[in-house]
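Student: Using the sequences provided together with the hints, build the complete structure.
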Amino acid sequence: DAGVIQSPRHEVTEMGQEVTLRCKPISGHNSLFWYRQTMMRGLELLIYFNNNVPIDDSGMPEDRFSAKMPNASFSTLKIQPSEPRDSAVYFCASSLGGLNTGELFFGEGSRLTVL
Amino acid sequence: SQQGEEDPQALSIQEGENATMNCSYKTSINNLQWYRQNSGRGLVHLILIRSNEREKHSGRLRVTLDTSKKSSSLLITASRAADTASYFCATDARYGSGNTGKLIFGQGTTLQVKP
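Chains A and B, in that order, are what the protein sequence lines are. Per my numbering, the first sequence starts with residue 1, numbered consecutively. Per my numbering, the second sequence starts with residue 1, numbered consecutively.
Derived by calculation from the structure, the hints in this document are not laboratory data. The structure presented is a predicted model; accordingly, all values stated were derived computationally and were not measured. Take these hints with a grain of salt, some might be off.
[Said to hold, decoys possible] A short, non-exhaustive set of chain B residues, derived as facing chain A with CB atoms under 10 Å: (1) LEU11; (2) ASN30; (3) TYR35; (4) GLN37; (5) GLY40; (6) GLY42; (7) LEU48; (8) PHE88; (9) LYS102; (10) PHE105; (11) GLY106; (12) GLN107; (13) GLY108.
[To be verified] Label pairs and their computed distance ranges (CB to CB): (14) B:ARG54 to A:PRO81: 48 to 58 Å; (15) B:THR67 to A:SER87: 46 to 56 Å; (16) B:SER58 to A:ASP56: 24 to 34 Å; (17) A:MET40 to B:GLU55: 26 to 36 Å; (18) A:SER7 to B:GLU55: 33 to 43 Å; (19) A:ASN52 to B:ARG60: 36 to 46 Å; (20) B:THR27 to A:ASN52: 46 to 56 Å; (21) A:ASN30 to B:LEU75: 30 to 40 Å; (22) A:GLN17 to B:ASN18: 46 to 56 Å; (23) A:ASN30 to B:GLU55: 25 to 35 Å.
Beta carbons are placed, not taken as given, at the ideal position from N, Cα and C, and that holds for glycine.
Tutor: Below is the structure:
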């Protein structure tokens with residue numbers, strides 16, 4: 001398997017623009033997670049899905065952030081409008097799911113810079 | 001609030017020495033995991049230890065878990081320059097008889113192994 005695939009790897013945009021980050025989880029994995037990593041705040045869990053259904057979005061910082069998982073093989077994280085403080089590395093991860101949260105498989109991340 | 005906190009924040013050792021990193025957490029857990037992150041890359045799972053386990057080994061890695069103290073340690077023996085990376089603990093928090101289903105990461109320990 002190719003692992004978790006994220007795109008784009010790098011995105012530079014201007015304040016106010018819409019940003020869409022994409023993720024393809026590992027085939028057969030039932031849980032998908034979006035994390036944000038910054039030097040100041042470390043790794044923050046934004047939202048996670050189980051069987052394509054959002055389970056916990058309490059980490060989504062503001063209404064400007066939204067995430068969807070229309071099917072088992074694709075998820076998006078959208079920021080509209082973007083702000084400089086959204087600059088971070090955004091990671092998508094997937095796991096088999098189940099009763100206990102097992103091993104997470106991470107993508108290589110999408111580095112977002114908002115000018 | 002941060003579930004896991006590692007110490008030290010940074011560790012610098014010579015090749016061949018052992019490296020010990022500690023993690024403390026706040027709530028009851030189902031399991032605790034350790035991940036590694038090379039600079040500019042995604043996180044990679046190293047080892048998972050369940051709440052009913054006290055010690056686990058994997059190659060040069062040894063993980064201990066003390067649920068009474070809500071703490072864990074990761075020991076890397078005979079370190080190599082290639083072990084240079086950031087190391088994170090992550091907990092699968094348990095509330096009541098249920099499982100939150102989400103993995104919360106600590107701030108990480110940056111390990112530098114000098115050749």
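Student: With reference to the structure, classify each hint as holding or not holding.
Tutor: Okay, the hints, checked on the actual structure:
| no. | hint | in the structure |
| --- | --- | --- |
| 1 | LEU11 | violated (17 Å) |
| 2 | ASN30 | holds (5 Å) |
| 3 | TYR35 | holds (8 Å) |
| 4 | GLN37 | holds (8 Å) |
| 5 | GLY40 | holds (8 Å) |
| 6 | GLY42 | holds (4 Å) |
| 7 | LEU48 | holds (6 Å) |
| 8 | PHE88 | holds (7 Å) |
| 9 | LYS102 | holds (6 Å) |
| 10 | PHE105 | holds (4 Å) |
| 11 | GLY106 | holds (7 Å) |
| 12 | GLN107 | holds (5 Å) |
| 13 | GLY108 | holds (7 Å) |
| 14 | B:ARG54 to A:PRO81: 48 to 58 Å | holds (50 Å) |
| 15 | B:THR67 to A:SER87: 46 to 56 Å | violated (38 Å) |
| 16 | B:SER58 to A:ASP56: 24 to 34 Å | holds (30 Å) |
| 17 | A:MET40 to B:GLU55: 26 to 36 Å | holds (34 Å) |
| 18 | A:SER7 to B:GLU55: 33 to 43 Å | holds (40 Å) |
| 19 | A:ASN52 to B:ARG60: 36 to 46 Å | holds (39 Å) |
| 20 | B:THR27 to A:ASN52: 46 to 56 Å | violated (28 Å) |
| 21 | A:ASN30 to B:LEU75: 30 to 40 Å | holds (33 Å) |
| 22 | A:GLN17 to B:ASN18: 46 to 56 Å | holds (48 Å) |
| 23 | A:ASN30 to B:GLU55: 25 to 35 Å | holds (30 Å) |
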